[in-house]
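J.: Residue strings, one per chain:
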Amino acid sequence: MPRTSAAERTPPPVVALLASPLGALVRAVARIRASVHVKLLAGFLLITLLFIAMTAVSLRTVAETARQTNLLDEAHERVGWSRQIEHALAMQMHFTAMALLAQAEDSVSLILRENNRFNDTLARLETAAPPEERALIQVIRGGQEDAMATVADIANAVRDRRLADAMTALQTRQVPTYRRIEEQVSQLVAAEETRMASLRRSIAASHTQSLRLMAGFAVVSVVVALLGGFVISWSFILPVREAHGFLSEVAEGRFGGTIVVPNRDEFGALAERMNWMSRELRRFDDEQRVAAETLRSLNDRLALASRAKSEFLANMSHELRTPLNAILGFTEIMLDELYGEVPPALREPLVDIQINGRHLLRLINDVLDLSKIEAGRLELGVGEYSVQEIVEVAHASLKSLALEKGLAFNLRVAPDIPTAWGDGRRITQCLLNLVGNALKFTRQGRVDIDVHLDGEWLVYRVSDTGIGIPKDEVENIFAEFRQVDTTITREYGGTGLGLSITKRLVEMHGGRIGVESELGKGSTFFFTVPLRTDGGRA
Amino acid sequence: MKDRTVLHIEDNEYNRKIVRQLLSRTTYRLLEAADGEEGLAVAQRELPDLILMDVQLPKLSGLDATRLLRADPRTANIPLVVVTSFALSGDDRRAMDAGASAYLAKPYSPRDLMALIHRFLPDN
Numbered sequence: 002m003p004r005t006s007a008a009e010r011t012p013p014p015v016v017a018l019l020a021s022p023l024g025a026l027v028r029a030v031a032r033i034r035a036s037v038h039v040k041l042l043a044g045f046l047l048i049t050l051l052f053i054a055m056t057a058v059s060l061r062t063v064a065e066t067a068r069q070t071n072l073l074d075e076a077h078e079r080v081g082w083s084r085q086i087e088h089a090l091a092m093q094m095h096f097t098a099m100a101l102l103a104q105a106e107d108s109v110s111l112i113l114r115e116n117n118r119f120n121d122t123l124a125r126l127e128t129a130a131p132p133e134e135r136a137l138i139q140v141i142r143g144g145q146e147d148a149m150a151t152v153a154d155i156a157n158a159v160r161d162r163r164l165a166d167a168m169t170a171l172q173t174r175q176v177p178t179y180r181r182i183e184e185q186v187s188q189l190v191a192a193e194e195t196r197m198a199s200l201r202r203s204i205a206a207s208h209t210q211s212l213r214l215m216a217g218f219a220v221v222s223v224v225v226a227l228l229g230g231f232v233i234s235w236s237f238i239l240p241v242r243e244a245h246g247f248l249s250e251v252a253e254g255r256f257g258g259t260i261v262v263p264n265r266d267e268f269g270a271l272a273e274r275m276n277w278m279s280r281e282l283r284r285f286d287d288e289q290r291v292a293a294e295t296l297r298s299l300n301d302r303l304a305l306a307s308r309a310k311s312e313f314l315a316n317m318s319h320e321l322r323t324p325l326n327a328i329l330g331f332t333e334i335m336l337d338e339l340y341g342e343v344p345p346a347l348r349e350p351l352v353d354i355q356i357n358g359r360h361l362l363r364l365i366n367d368v369l370d371l372s373k374i375e376a377g378r379l380e381l382g383v384g385e386y387s388v389q390e391i392v393e394v395a396h397a398s399l400k401s402l403a404l405e406k407g408l409a410f411n412l413r414v415a416p417d418i419p420t421a422w423g424d425g426r427r428i429t430q431c432l433l434n435l436v437g438n439a440l441k442f443t444r445q446g447r448v449d450i451d452v453h454l455d456g457e458w459l460v461y462r463v464s465d466t467g468i469g470i471p472k473d474e475v476e477n478i479f480a481e482f483r484q485v486d487t488t489i490t491r492e493y494g495g496t497g498l499g500l501s502i503t504k505r506l507v508e509m510h511g512g513r514i515g516v517e518s519e520l521g522k523g524s525t526f527f528f529t530v531p532l533r534t535d536g537g538r539a
Numbered sequence: 017m018k019d020r021t022v023l024h025i026e027d028n029e030y031n032r033k034i035v036r037q038l039l040s041r042t043t044y045r046l047l048e049a050a051d052g053e054e055g056l057a058v059a060q061r062e063l064p065d066l067i068l069m070d071v072q073l074p075k076l077s078g079l080d081a082t083r084l085l086r087a088d089p090r091t092a093n094i095p096l097v098v099v100t101s102f103a104l105s106g107d108d109r110r111a112m113d114a115g116a117s118a119y120l121a122k123p124y125s126p127r128d129l130m131a132l133i134h135r136f137l138p139d140n
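These protein sequence lines are chains X and P, in that order. Sequence positions in the first sequence follow our numbering and run 2 to 539. Sequence positions in the second sequence follow our numbering and run 17 to 140.
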């Protein structure tokens, strides 16, 4: 299939893609029984869904990051509280030592205040702490209660002035308890800090991950959008390309081809219409070819028939001429009195026979000429001829007729005309036809022949003072068998072929013929022929 | 002087009759033939002084007979007038090409025919 022109315009990557499984996908999309409108809508919907999915994913990432940041904040807060606990513990130690040193009972209330702060903060911490830390907090609380009991013992010993006991309690019970609590709180802080560090790492990791996810999503979206666009657009372009090649075939006159597209959409419908059109075109083309063939054979038969007609006419004309020769010959020798004297009463009918015999001869000659011209079998016998001579011949042969009718009959040939080249005898025939007509249709006045040279053209003019030609007949005057009306044929005689033959002969010489006429005043027939003509065929 | 002989080769009886009538009042001796073969035979036997040859003849066409007569040294120089069927059809040129001394278009005027005969065979 000569669909190369379309394929050549396809970029090589597209050709490769169409050869891959993607091409199968393109055809599969084309096969989907849905309108172009729906397919395009689906394509745009796919892109929109991708954007929505991408937005959802990024929202989820933002929410996750916020949650982790929140956890970090909480852990931070807990570390703060732990530090407060440590501080409260240190203050308790400080005030306990103060109470012991100053033996001031009011220090106890300060210790209690610090103890309350410790407990409050610890309670807050316990509420906020993750479950695995609660045990440690319970231990701390237990330690604190021990410490408070020791503080109470110390306070009692101080009030009872048992300083040694107080000191002992402080050193053996209070200090180790506080150290233990301090250690436990430190553990708590350390645990929280570990948690914070892990959260920070986790946030950083999820940040990186979300960036990667977004980038990946973007890349996938672009690829999916490109593929979707490719698949949908090529599912439309493929049938259009097929149609392009198909239409080129049609334009080149090769009908009847079929376009095959997988599409079941508007393009599929279009392809079906095109196939239908192609079949119809093929049918019309075949019909037209058959008609042309019929016409050609008819034409051949017509040409044959025309040839047969011409041959028949030529033969007929010869067969007619032989008896006519006898008729005219006998008439003439009778008139010449070779058979003895002609009685006066017989002379006129003999002359009538002679006149009609000659008329019949002219008719036969004209019919033969025309049939030869129409069959394209008349050739000009070109050679040198003298214009002066042929005009004189024409003048001489018709002089007696003019004389009989009492018409002035003059000729004027320009003296500067050189020897001409053409068929002199045919030109004479033309001139005789025109002059014969002029004499025939003129009752009184004159008939003149005028020949002059106009550049390379010979102009022959035959003017008369005859009956003239009506304007509406001038156009038809050169057609076969045409005389102004049939009464003229009866009155003036003639075949109605003379002008037609003259026109053909002039045209064979490469010239043209024309007439100027005024009804009742006269006519001027003129024809032009090249001074030198190679001669052609009719 | 011996009477001069004219051979008229023509298949149409009436046309032969015209020439017969034309020559009846002259001293020319007339020979007649109705087809090309007979005409050729009479010409070669009698060696006439002038031959009038029609173009369309049965058995052997006038032009072929003319060529044969021109090819025969005995008849090659006898004046020969071909009576053509129609002057404008090209018969005249073919007649001259075949070797005719002159041609006469049919239908001819008996006066023209006599003038032609006198041209080739002047009166004593």
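Hints were generated in silico from the structure; no laboratory data involved. Treat the numbers as computed from the prediction; the structure is a model and nothing was measured. Incorrect hints may have been included.
As the list claims (entries may be wrong) - From chain X, some residues computed to sit far from chain P (all C-beta separations above 10 Å): (1) T70; (2) D74; (3) E87; (4) T209; (5) R322.
Unchecked claim - Now the in silico label distances, taken between C-beta atoms and shown as ranges: (6) A118/P x L402/X: 54 to 64 Å; (7) D88/P x K406/X: 31 to 41 Å; (8) N300/X x L63/P: 27 to 37 Å.
Said to hold, decoys possible - Examples of chain P residues lying across from chain X (beta carbon under 7 Å, computed): (9) I34; (10) S101; (11) H134.
Even glycine gets a Cβ: it sits at the ideal position worked out from N, Cα and C.
J.: Using Cβ atoms and 10 Å as the threshold, tell me whether T70/X really stays out of contact range of chain P.
T.: Non-interface label stands for T70/X: nearest chain P Cβ at 123 Å, farther than 10 Å.
J.: Beyond 10 Å from every Cβ of chain P: is that where the Cβ of R322/X lies?
T.: violated, 6 Å
J.: When you take the CB atoms of N300/X and L63/P, is the distance between them in 27 to 37 Å?
T.: At 56 Å between Cβs, range violated.
J.: Look at the Cβ atoms of D88/P and K406/X and judge whether their distance stays inside 31 to 41 Å.
T.: Cβ of D88/P to Cβ of K406/X: about 53 Å, so the range 31 to 41 Å is violated.
J.: Going by Cβ atoms, does E87/X stay more than 10 Å from chain P at every point?
T.: For E87/X, whose nearest Cβ neighbour in chain P is about 147 Å away, the distance exceeds 10 Å, so it holds.
J.: Next item in the hint list is H134/P. Is there a CB on chain X closer than 7 Å to its CB?
T.: violated, 15 Å
J.: If I take the minimum Cβ distance from T209/X to any residue of chain P, is it greater than 10 Å?
T.: Per Cβ check, T209/X is outside 10 Å of chain P; nearest 112 Å; holds.
J.: Beyond 10 Å from every Cβ of chain P: is that where the Cβ of D74/X lies?
T.: holds, 129 Å
J.: Checking hints one by one. Is S101/P an interface residue toward chain X, by the C-beta closer than 7 Å rule?
T.: OK, holds: S101/P within 7 Å of chain X, min 5 Å.
J.: Using the nearest Cβ pair, does I34/P come within less than 7 Å of chain X?
T.: holds, 4 Å
J.: Between A118/P and L402/X, does the beta-carbon spacing fit 54 to 64 Å?
T.: Between A118/P and L402/X, where Cβ atoms are some 28 Å apart, the hint is violated.
Hints 5, 6, 7, 8 and 11 from the list above are not met by this structure, while the remaining hints are.
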